[in-house]
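Colleague: Residues per chain are reported as follows:
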Amino acid sequence: MSPSTRHEFQSPPSAARRWESAALWLFRIATYVILICGAGVFGNIVVKGSKTVFTSTAPFINVAFFTEAPESLYVFEYQGQKREMGDREFRAFKTTHPEAKDIKAESYVYSAGGIFPCIVGTVLLVLGSMMIALTLGVSAAVYLSEYAKQGRAVTLIRLAILNLAGVPSIVFGLFGLGLFVIYLDWNVSLLAGWFTLAFMVLPVVITASEESLKAVPKGFREGSLALGATKWQTIRKNVLPYALPGILTSSILGIARVAGETAPIMFTAAYVVRDKLPWEGLTSVSDFFFQGVMALPYHIYVVSSKIPQNEYTERVQYGTAFVFLVIVALIATCSIVMRNKLRNRYKW
Amino acid sequence: MDIKSPFTTPASGRSIPVTPAPVGPTLIDIDHVDFFYGASQALHDINLKIEEKKVTAFIGPSGCGKSTLLRCLNRMNDLIDGTRVANGQIKIRGIDIYDRSVDVIELRKRVGMVFQKSNPFPKSIYENITYGLRLQGRSSKSDLDAVVEKSLRGAALWDEVKDRLHTSGLGLSGGQQQRLCIARAIAVEPEVILMDEPCSALDPIATVKVEELIQELRTKFTIVIVTHNMQQAARCSDKTAFFYMGKLIEFADTRAIFMNPANAQTEAYVSGRFG
Ligand SMILES: Nc1ncnc2c1ncn2[C@@H]1O[C@H](COP(=O)(O)OP(=O)(O)O)[C@@H](O)[C@H]1O
Ligand SMILES: [Mg+2]
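Taken in sequence, the protein lines are chains A and B.
Using the numbering used here, the letters of the first sequence correspond one by one to residues 114 to 461.
Using the numbering used here, the letters of the second sequence correspond one by one to residues 1239 to 1513.
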């Protein structure tokens, strides 16, 4: 519209209008910056990681990376050809090729093989800590919101729990080291890691559980009690089932996040390297709980900062990071799918 | 206070019984009860004898303590921190229900309740009805089936839901939901059914159905119903208690309360001049 045909609804230029568009652009740019950073991080890991995880020939997935333990990589020249081999393969090669017995090879630690023990370790850590955190957290939430007399004491406890969520993970790691590893003498073990991780995720579990419990209408409780149910019967049959979807989703998401932390497990549960898988070489059931494990986040930490960096380590770093991302995303997706399923079942 | 009272409080502040001699045997004897929410007193010296197999209505302007008194009868007020019956006793068949020896679970099995906001559980109709029975450990299918049918028939709901017993109770209409709650309450065979404004959320047709149901239930149960609807009290109760500001003002045969109230406040209220 040309300026000559001004009409009454046209805006006169004003400061408010200039601020309006400035604000709009500020918000818009902030959003795009975040998007670009996020895409950069994910893209980088996905692109570089998929070089390790996927292959160009069938079965298109680097099966060994998922099923083998980390090994040293040996790079050597043989008959004028550059060869790369994992530790075991290299030793086998030397026995079948006696002339290569004294061959000079450069070795790169952890750069061959796969990350199977780390996946196993992380899965065990997640499952165990989830069980402990859910048991303790849901019980505490039930007590706080259903049984305890609401008052200053309960408010203080809630505040303390919320504050616990802000405690840095390294502090939880040291707490676990001090209490479980040293004082209780559990050593670096699954059990110590479970409890440390569980304690770390407890604030999330308790807060989410309390919120979910509160969302269950009061009428369900009154209706049940009026029929002669005890408090516990009421909670078990008519409150917890309806709170469960919310509790599980938030808790599992919390666990998935905590499982990514390196600090809490590096003192309490994680080994740099371990030859045996958790179910190998056990002499008694308790051995299972008192063994350390390898874990994905700690492995990423080790291969990115504890060993000499070179072109071969990058492969493991990005591969592990990629696998780890996928696992966390899977856990999150599962929890959301489960929530939606449960929600449909327990709708009101 | 949002109520414009044309009256000053009666000088004595005590209830003024004008009841002709009670006809039936007393089931619930409310004897000089004072009730407190923390520091604030909600009931003042309530004296009331509720007769067996009669419908007793509590009427009065909102906030006068009807629900509070009703919830004293099955000790639902126990759920609220800081509440107490400070003086007096509530006796059911001569037993003080606030006595330490009384198990509140047993009490609530005998004194059922229907709430203002119908609260069917998000379970199937069948499971709603059997909820209370399963709590008591009854699980034989034929037993439960029989109780479900009997209770639903008792609540005049059987014909409407018999083909969808295993669908959610939340799929029913508002009036059906409230009758489902009544069926759930009578399934555990209480002696007393407390109803707290059971029709306040229902449309007129559903209200009529519930009122008809109350007429049928009175032969088997002692019913105490809170209502702010005076026509409802007039239509379906035998005895009516009028409360005002935490006090029992008048308690008499329903006919007497509505036709010939002894107290000027009662008269003002039932003739719609306040409240
Ligand atoms: N949970 C509660 N805590 C404190 N005061 C309450 C509570 N419930 C009701 N009251 C008070 O007790 C009085 C009686 O309430 P209520 O029995 O619900 O009245 P009615 O059912 O007759 O409308 C009111 O003044 C109300 O504010
Ligand atoms: Mg009320």
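The hints are simulated quantities; they were obtained by calculation from the structure and are not laboratory data.
Fair warning: this is a prediction, and the values are worked out from it, not measured in the lab.
Treat the hints loosely; a few may be bogus.
What the hints assert, rightly or not - Here are the simulated BS3-like cross-link-like pairs (lysine-lysine), alpha carbons at most 27 Å apart as the crow flies:
no.: 1; chain 1: B; residue 1: 1388; chain 2: A; residue 2: 262
no.: 2; chain 1: B; residue 1: 1355; chain 2: A; residue 2: 344
no.: 3; chain 1: A; residue 1: 214; chain 2: A; residue 2: 195
no.: 4; chain 1: A; residue 1: 350; chain 2: B; residue 2: 1379
no.: 5; chain 1: B; residue 1: 1355; chain 2: A; residue 2: 331
no.: 6; chain 1: A; residue 1: 327; chain 2: B; residue 2: 1400
no.: 7; chain 1: A; residue 1: 419; chain 2: A; residue 2: 161
no.: 8; chain 1: B; residue 1: 1361; chain 2: A; residue 2: 327
no.: 9; chain 1: A; residue 1: 161; chain 2: B; residue 2: 1291
no.: 10; chain 1: A; residue 1: 389; chain 2: B; residue 2: 1355
no.: 11; chain 1: B; residue 1: 1287; chain 2: A; residue 2: 344
no.: 12; chain 1: A; residue 1: 327; chain 2: A; residue 2: 262
no.: 13; chain 1: B; residue 1: 1329; chain 2: A; residue 2: 350
no.: 14; chain 1: A; residue 1: 331; chain 2: B; residue 2: 1361
no.: 15; chain 1: B; residue 1: 1329; chain 2: B; residue 2: 1400
no.: 16; chain 1: A; residue 1: 344; chain 2: B; residue 2: 1400
no.: 17; chain 1: A; residue 1: 454; chain 2: B; residue 2: 1287
no.: 18; chain 1: B; residue 1: 1361; chain 2: A; residue 2: 350
no.: 19; chain 1: A; residue 1: 344; chain 2: B; residue 2: 1447
To be verified - Simulated restraints, written as ranges between beta carbons of each label pair:
no.: 20; chain 1: B; residue 1: 1263; chain 2: A; residue 2: 344; range: 32 to 38 Å
no.: 21; chain 1: A; residue 1: 400; chain 2: B; residue 2: 1383; range: 29 to 35 Å
no.: 22; chain 1: B; residue 1: 1439; chain 2: A; residue 2: 457; range: 22 to 28 Å
Yeah, the Cβ is synthetic: ideal placement off N, Cα and C, and Gly gets one too.
Colleague: Of the hints stated earlier, which fail here?
Modeller: 1, 6, 9, 10, 11, 13, 15, 16, 17, 19 and 21
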